[in-house]
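Let the sequences and hints guide you as you build the complete structure.
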Amino acid sequence: GAGVSQTPSNKVTEKGKYVELRCDPISGHTALYWYRQSLGQGPEFLIYFQGTGAADDSGLPNDRFFAVRPEGSVSTLKIQRTERGDSAVYLCASSSNPGIRNEAFFGQGTRLTVV
Amino acid sequence: QKEVEQNSGPLSVPEGAIASLNCTYSDRGSQSFFWYRQYSGKSPELIMFIYSNGDKEDGRFTAQLNKASQYVSLLIRDSQPSDSATYLCAVKPPGAGSYQLTFGKGTKLSVIP
Chain U
1 GAGVSQTPSN KVTEKGKYVE LRCDPISGHT ALYWYRQSLG QGPEFLIYFQ
51 GTGAADDSGL PNDRFFAVRP EGSVSTLKIQ RTERGDSAVY LCASSSNPGI
101 RNEAFFGQGT RLTVV
Chain P
116 QKEVEQNSGP LSVPEGAIAS LNCTYSDRGS QSFFWYRQYS GKSPELIMFI
166 YSNGDKEDGR FTAQLNKASQ YVSLLIRDSQ PSDSATYLCA VKPPGAGSYQ
216 LTFGKGTKLS VIP
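Going down the list, the sequences are from chains U and P. Under my numbering, think of the first position of the first sequence as 1, with each following residue one higher. Under my numbering, think of the first position of the second sequence as 116, with each following residue one higher.
By construction, these hints were calculated from the structure, which means they are not laboratory data. Note that the coordinates shown come from a computational prediction; the quantities given were computed from them, not determined experimentally. Do not take every clue at face value.
Claimed, not checked - Quick list of in silico lysine-lysine cross-link-like pairs, DSSO-like style, CA-CA up to 30 Å:
no. : chain 1 : residue 1 : chain 2 : residue 2
1   : P       : 220       : P       : 182
2   : U       : 78        : P       : 182
3   : P       : 220       : U       : 11
4   : P       : 220       : P       : 157
5   : U       : 17        : P       : 157
6   : U       : 15        : P       : 220
7   : P       : 157       : U       : 11
Set out below in structure tokens:
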């Protein structure tokens with residue numbers, strides 16, 4: 001596709017449940033990022049992939065959060081035992097190279113609501 | 116603690132005026148600076164990036180960077196109602212392993228017809 005695609009666009013889940021959020025980056029982009037944006041805040045970095053490996057996962061808030069990118073393209077963000085505080089818009093972005101001058105392009109996001 | 120500070124606004128300007136959006140950052144070694152526009156309920160959209168001190172112009176947009184003052188700004192000339200959005204300043208910190216962007220909270224701009 002022409003842009004970063006995220007599914008689902010909206011997800012409502014009950015507290016304690018497990019969720020998976022999917023990101024399909026721009027074709028050919030090797031770098032992929034996950035961010036989380038709470039209401040009234042800027043996006044907050046979670047994890048960065050270069051190819052299949054997680055090069056920087058320093059933003060993951062705790063061990064309930066995990067992300068994979070097994071074939072170096074599509075990525076899945078997994079959240080176990082969801083809590084109400086996990087409610088936010090989860091944004092995925094990709095870029096063509098990981099250098100300091102890369103420009104990251106964002107998908108439309110998945111709005112996660114934990115009830 | 117790496118911080119990016121923006122005035123949350125709202126900043127209101129009349130149509131046709133110049134809108135000036137400001138951002139300061141705490142990490143002196145930061146190398147790359149980005150401005151994203153975010154419409155309500157939508158994802159951030161990259162509109163400008165700047166790496167060198169001085170001005171960079173693209174159409175109605177001008178980004179200004181002053182590394183000595185740790186200050187980056189975005190000017191929007193001939194503001195239009197369609198420019199009404201939240202503008203996010205983002206900074207890429209130094210270091211070979213640092214690819215994450217640190218975002219400010221954003222400034223909400225309202226252009227009044």
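Cross-check of the supplied hints:
1. P/220 to P/182: holds, 20 Å
2. U/78 to P/182: This hinted pair is violated, its Cα atoms lying about 38 Å apart.
3. P/220 to U/11: Holds, because 24 Å separates the two Cα atoms, which is no more than 30 Å.
4. P/220 to P/157: Cα-Cα ~15 Å, so holds.
5. U/17 to P/157: holds, 26 Å
6. U/15 to P/220: holds, 27 Å
7. P/157 to U/11: With Cα atoms ~16 Å apart, residue 157 of chain P and residue 11 of chain U stay inside 30 Å; holds.
Checked against the numbered hints given earlier, this structure breaks only hint 2.
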